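Visitor: Chains as they are written, first to last, in the working numbering: chain F, 1 to 44; chain G, 1 to 328.
To be clear, the hints were calculated from the coordinates, so they are not data collected in a lab.
No experiment lies behind these values; they were computed from the predicted model shown.
Think of the CB as a built atom: it goes at the ideal place given N, C-alpha and C, for glycine as much as any other residue.
Just so you know, not all the hints are guaranteed correct.
[To be verified] Restricting the straight-line Cα-Cα distance to at most 30 Å, the calculated cross-link-like pairs of lysine-lysine (DSS-like) are:
(1) 182/G with 213/G
(2) 322/G with 21/F
(3) 27/F with 219/G
(4) 179/G with 292/G
(5) 2/F with 20/G
(6) 322/G with 27/F
(7) 12/G with 2/F
(8) 226/G with 12/F
(9) 6/F with 156/G
(10) 180/G with 108/G
(11) 12/F with 219/G
(12) 226/G with 159/G
(13) 6/F with 21/F
(14) 27/F with 272/G
(15) 213/G with 30/F
(16) 72/G with 2/F
(17) 226/G with 179/G
(18) 6/F with 219/G
(19) 12/G with 20/F
(20) 166/G with 30/F
(21) 322/G with 14/F
(22) 182/G with 166/G
(23) 27/F with 2/F
(24) 108/G with 12/F
(25) 108/G with 182/G
(26) 322/G with 12/F
(27) 182/G with 292/G
(28) 14/F with 27/F
(29) 21/F with 288/G
(30) 2/F with 213/G
(31) 180/G with 28/F
(32) 292/G with 27/F
(33) 216/G with 108/G
(34) 272/G with 12/F
(35) 20/G with 166/G
(36) 21/F with 258/G
(37) 179/G with 6/F
[Unchecked claim] On the chain F side, residues computed to face chain G include the following (Cβ under 10 Å):
(38) 8
(39) 12
(40) 18
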Amino acid sequence: MKELEKVLNSIKEKNSIFRKKIENEEKKIKIKFSSLWFYNWFFG
Amino acid sequence: MNYKEFLQSLFKIFNDLKNKNFDDSNDFESIRKHIFDEISGPQIRDFYLNRIDQIIDERFPFFAKDLMELRKDDDISQYEFSISGFTCIIIFWIWENRNDINDEEIYKLIEAILLGTFGYRIIDIQHDLNKNNQHLLYLGKYLIQVHQTLILEIFKDPKINEVMNKYIEKYTIAEYLEKKNKWIGCPFSWEDPAILGYKAAPFFYILELLARKQGKDEKYINNVEKGFIAFAAAIQMMDDVSDAKTDLQNGIESLVMKGFLKEYGSAEITEKLVENYLDDERTMLIFKTTEKLFDIARDSFTENNDLIFLLNLESYNERFHKGITIIN
Chain F
1 MKELEKVLNS IKEKNSIFRK KIENEEKKIK IKFSSLWFYN WFFG
Chain G
1 MNYKEFLQSL FKIFNDLKNK NFDDSNDFES IRKHIFDEIS GPQIRDFYLN
51 RIDQIIDERF PFFAKDLMEL RKDDDISQYE FSISGFTCII IFWIWENRND
101 INDEEIYKLI EAILLGTFGY RIIDIQHDLN KNNQHLLYLG KYLIQVHQTL
151 ILEIFKDPKI NEVMNKYIEK YTIAEYLEKK NKWIGCPFSW EDPAILGYKA
201 APFFYILELL ARKQGKDEKY INNVEKGFIA FAAAIQMMDD VSDAKTDLQN
251 GIESLVMKGF LKEYGSAEIT EKLVENYLDD ERTMLIFKTT EKLFDIARDS
301 FTENNDLIFL LNLESYNERF HKGITIIN
C-alpha cells in the first residue's frame, strides 16, 4: 500500500498548508456548503 | 450483479489499487480521483440501488409501497448516494486487515448498514423536519430492529450487548438532549464538541465489533471509538453550517448557532439573519473547532496505522476546505 500512502501524504500536506494559511496569517473566512453537499459526494 | 459478483468486483479494485504503481506520476489529484471513482463509482452505486429494491421486496413487503415513496424524498434518497461509498470503505478496511469475516457475513453486513441507515434516518427526519408522519417512526424502529438482528447474527462476540449499548447510549444522549432543548437552545458546548459525533454512534459499534473480531487490543479499539466520534463530529459541524436556517426553523439550535434563539428567538428566521450571526469571530471558532476534531481523529487513526480511514479523513478535511472562502 506504499502508493496509497503517497496519495494520503499529498492530501494531508495540502490540508495542512491550507489550515496554516488561515490560522497563521489570521485570514478572515466565510464557510458555506450547499445543503446537499455531502450526500452526493463521498470521497473526492 | 449479485452479492458474490459485487464482492469479487470490489476485491479486484482493492487488489489493483494495492498493486498499482503510481511512480511515474506526481499528479496525486488525478490518482486520488481515480481511487475514489473506482471505489464509489456508478457500478457499485447501481448495485446498491438495486439491492435496496430487492431488500424491500424480500424483507418488507407490507411496507414496500410506503418505503418506495419515502425513497423519493430528498432527505432519504441523498443517503442512497453516500451509503454505497461508505460501505465500500468498510469492506476495503476489512479486506486490508484480512478480517476473519466470511463473504456471507459481509453480505449481511451490507444489509445491516443499509437498514440501520434508513431506520435512523427515517426517525431523524420525522423529528427534525416536523413532517407529521408519525406512523413512519414505527417503520424506522422496525428497520433498526432488523438491522440489529443482522448484527447479532454476524458477530458472536460475548461482549456484543455491552458494545452495542455503549454506542446506543451515546446516540440516545445526543438526541435526547437536542430534542429536550428544542426552541430553548443548544445543549452542547464549544468545550466538548466531540459529543456531536454521538449522533452517528450506532454505526460505530460495527467498527468496534469488526476490530474485536480481528483480535485488536483495547488501545486500538479506544482509538477507533475516539477517532470516529471526533470524525463524525467534524462532519456534523459542516452539516450544521449547511442546515443552520432549516434547523432553527424547526427549533433546533445547533452548536454553530449557539445563542441564536436567546438573541433572536421571536424574530423571523431568514437567510440574512443566519448569515449575520455567522460573523468573523464565530466562523473562525467553527473553523478551528472543526480542525481540532479532525486532529483528534487523525491522531487516533495514525496511532492505529489505519491507512484506509486516514484517506477517508483527509478527503473529508479537504472537502471542508473547499467550502471555505478566504476574504482577506
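Visitor: So, for every hint listed, does it hold in this structure?
Guide: Each hint, compared with the structure:
no.: 1; hint: 182/G with 213/G; result: 40 Å, violated
no.: 2; hint: 322/G with 21/F; result: 14 Å, holds
no.: 3; hint: 27/F with 219/G; result: 38 Å, violated
no.: 4; hint: 179/G with 292/G; result: 26 Å, holds
no.: 5; hint: 2/F with 20/G; result: 10 Å, holds
no.: 6; hint: 322/G with 27/F; result: 15 Å, holds
no.: 7; hint: 12/G with 2/F; result: 18 Å, holds
no.: 8; hint: 226/G with 12/F; result: 20 Å, holds
no.: 9; hint: 6/F with 156/G; result: 37 Å, violated
no.: 10; hint: 180/G with 108/G; result: 35 Å, violated
no.: 11; hint: 12/F with 219/G; result: 24 Å, holds
no.: 12; hint: 226/G with 159/G; result: 19 Å, holds
no.: 13; hint: 6/F with 21/F; result: 23 Å, holds
no.: 14; hint: 27/F with 272/G; result: 23 Å, holds
no.: 15; hint: 213/G with 30/F; result: 44 Å, violated
no.: 16; hint: 72/G with 2/F; result: 42 Å, violated
no.: 17; hint: 226/G with 179/G; result: 24 Å, holds
no.: 18; hint: 6/F with 219/G; result: 26 Å, holds
no.: 19; hint: 12/G with 20/F; result: 39 Å, violated
no.: 20; hint: 166/G with 30/F; result: 37 Å, violated
no.: 21; hint: 322/G with 14/F; result: 12 Å, holds
no.: 22; hint: 182/G with 166/G; result: 25 Å, holds
no.: 23; hint: 27/F with 2/F; result: 36 Å, violated
no.: 24; hint: 108/G with 12/F; result: 34 Å, violated
no.: 25; hint: 108/G with 182/G; result: 37 Å, violated
no.: 26; hint: 322/G with 12/F; result: 14 Å, holds
no.: 27; hint: 182/G with 292/G; result: 27 Å, holds
no.: 28; hint: 14/F with 27/F; result: 17 Å, holds
no.: 29; hint: 21/F with 288/G; result: 13 Å, holds
no.: 30; hint: 2/F with 213/G; result: 26 Å, holds
no.: 31; hint: 180/G with 28/F; result: 35 Å, violated
no.: 32; hint: 292/G with 27/F; result: 18 Å, holds
no.: 33; hint: 216/G with 108/G; result: 22 Å, holds
no.: 34; hint: 272/G with 12/F; result: 35 Å, violated
no.: 35; hint: 20/G with 166/G; result: 40 Å, violated
no.: 36; hint: 21/F with 258/G; result: 27 Å, holds
no.: 37; hint: 179/G with 6/F; result: 44 Å, violated
no.: 38; hint: 8; result: 5 Å, holds
no.: 39; hint: 12; result: 5 Å, holds
no.: 40; hint: 18; result: 5 Å, holds
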